[in-house]
Amino acid sequence: MLQKNDVAPDFTLFATPDQKITLSEFKGKNVILAFYPADWSPVCSDQMALYNEMLKYFKKYDAEIFGISVDSKWCHMAFSQSRNLHFPLLSDFEAKGETSKKYGVYNTEEGECNRALFVIDKNGIIQWSYLSPMAVNPGADGILEALEKL
Amino acid sequence: MSLKPAVSKTDHTQGKKDADIVIVEYGDYQCPYCGAAYPILKEMMKKYGTKVEFVFRNFPLSEMHQYARPAAIVAEAAALQGKFWEMHDAIYENQEYLSENFLLELAEKLELDPHQFNTDIKKPELASKIDSDFESGVMSGVNGTPSLFVNGTKFNGGPEDLLRLLSEIVK
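Read top to bottom, the protein sequences are chains A and B.
The numbering of the first sequence is UniProt numbering, which starts it at 1 and goes up by one.
The numbering of the second sequence is UniProt numbering, which starts it at 1 and goes up by one.
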């Protein structure tokens, strides 16, 4: 798993059925990546619902947040609509898990992303990363502390 | 993970003042799990209220629960008339009927002064109290609702587990 001071690997992933997001386009902004195992599973839903409430706090730190899982763009769309999410969920779907592998957070046994958080600074350098136990919602205190330190 | 900031005068408390055991709940008035926790915590305070202090802080997940924040505002407005816990209890006891109209009915039922109530619910101070509760929750490691803290440390169990713990430690 990538750590503090590693360069954040670039990626381009679907954010909606017809729109892709490229990480390097966000240089000049802080970026939070929240890898999570799957749409719909209870812990992830809590976690994404929490981040959804936190967008204005992230904005204070000039930070964008992206959720990432191996679910397809259509699955993300349905999940996002049902939870009223206001931030993009990226689809690490083809080639499956390619991006999570680059960050060292792909779980080959489950075929899912691990539950992992990265805070990337405006120059594209990872400033904080955290691997949470699969079943535990890591909350947002670690993210905010990391953003504060930037 | 520890509670930041510590319990203070601005918090809503019940039970024994300055007790050796202080429980803090971060709750959302529309959250079904908080609704399920409510009677257990109520029972807990009935049993241990002379020895334990209980604190409620707001953690409305407003994007998921449309009445969570209006309910929090109404409860804070009731607090300004000395009826926070009456409103808190009334909301949880009637969670399935929650709506903006129903909240206004509760205010009437609790005989809040209507003029003051209508002024208070629009006060920015109430909104910022709720925001600062929410922020304190996030910084304390709240990751969903209800989240419970015992003497400033996050309690990783449900309300039943808490009741069990108290039955062991309260003499």
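In short, the hints are calculated from the structure, not lab data.
None of the values given here were measured: they were computed from a predicted structure.
Keep in mind that the hints are not guaranteed to be accurate.
Capping the alpha-carbon separation at 25 Å, the derived lysine-lysine pairs in DSS-like fashion look like this [as the list claims (entries may be wrong)]:
1) A:60 - B:129
2) B:16 - A:56
3) B:154 - A:149
4) A:149 - B:4
Hints, verified against the model:
Under the criterion of a C-alpha separation no larger than 25 Å, the hint pairing residue 60 of chain A with residue 129 of chain B is consistent with the structure, at around 18 Å. With a C-alpha separation of about 37 Å, the suggested pair residue 16 of chain B and residue 56 of chain A falls outside the 25 Å cut-off, and the hint is violated. Distance hint between residue 154 of chain B and residue 149 of chain A is fulfilled; the C-alpha atoms sit about 24 Å from each other, no more than 25 Å. At most 25 Å may separate the alpha-carbon atoms for a hinted pair to count; residue 149 of chain A and residue 4 of chain B meet this at roughly 18 Å.
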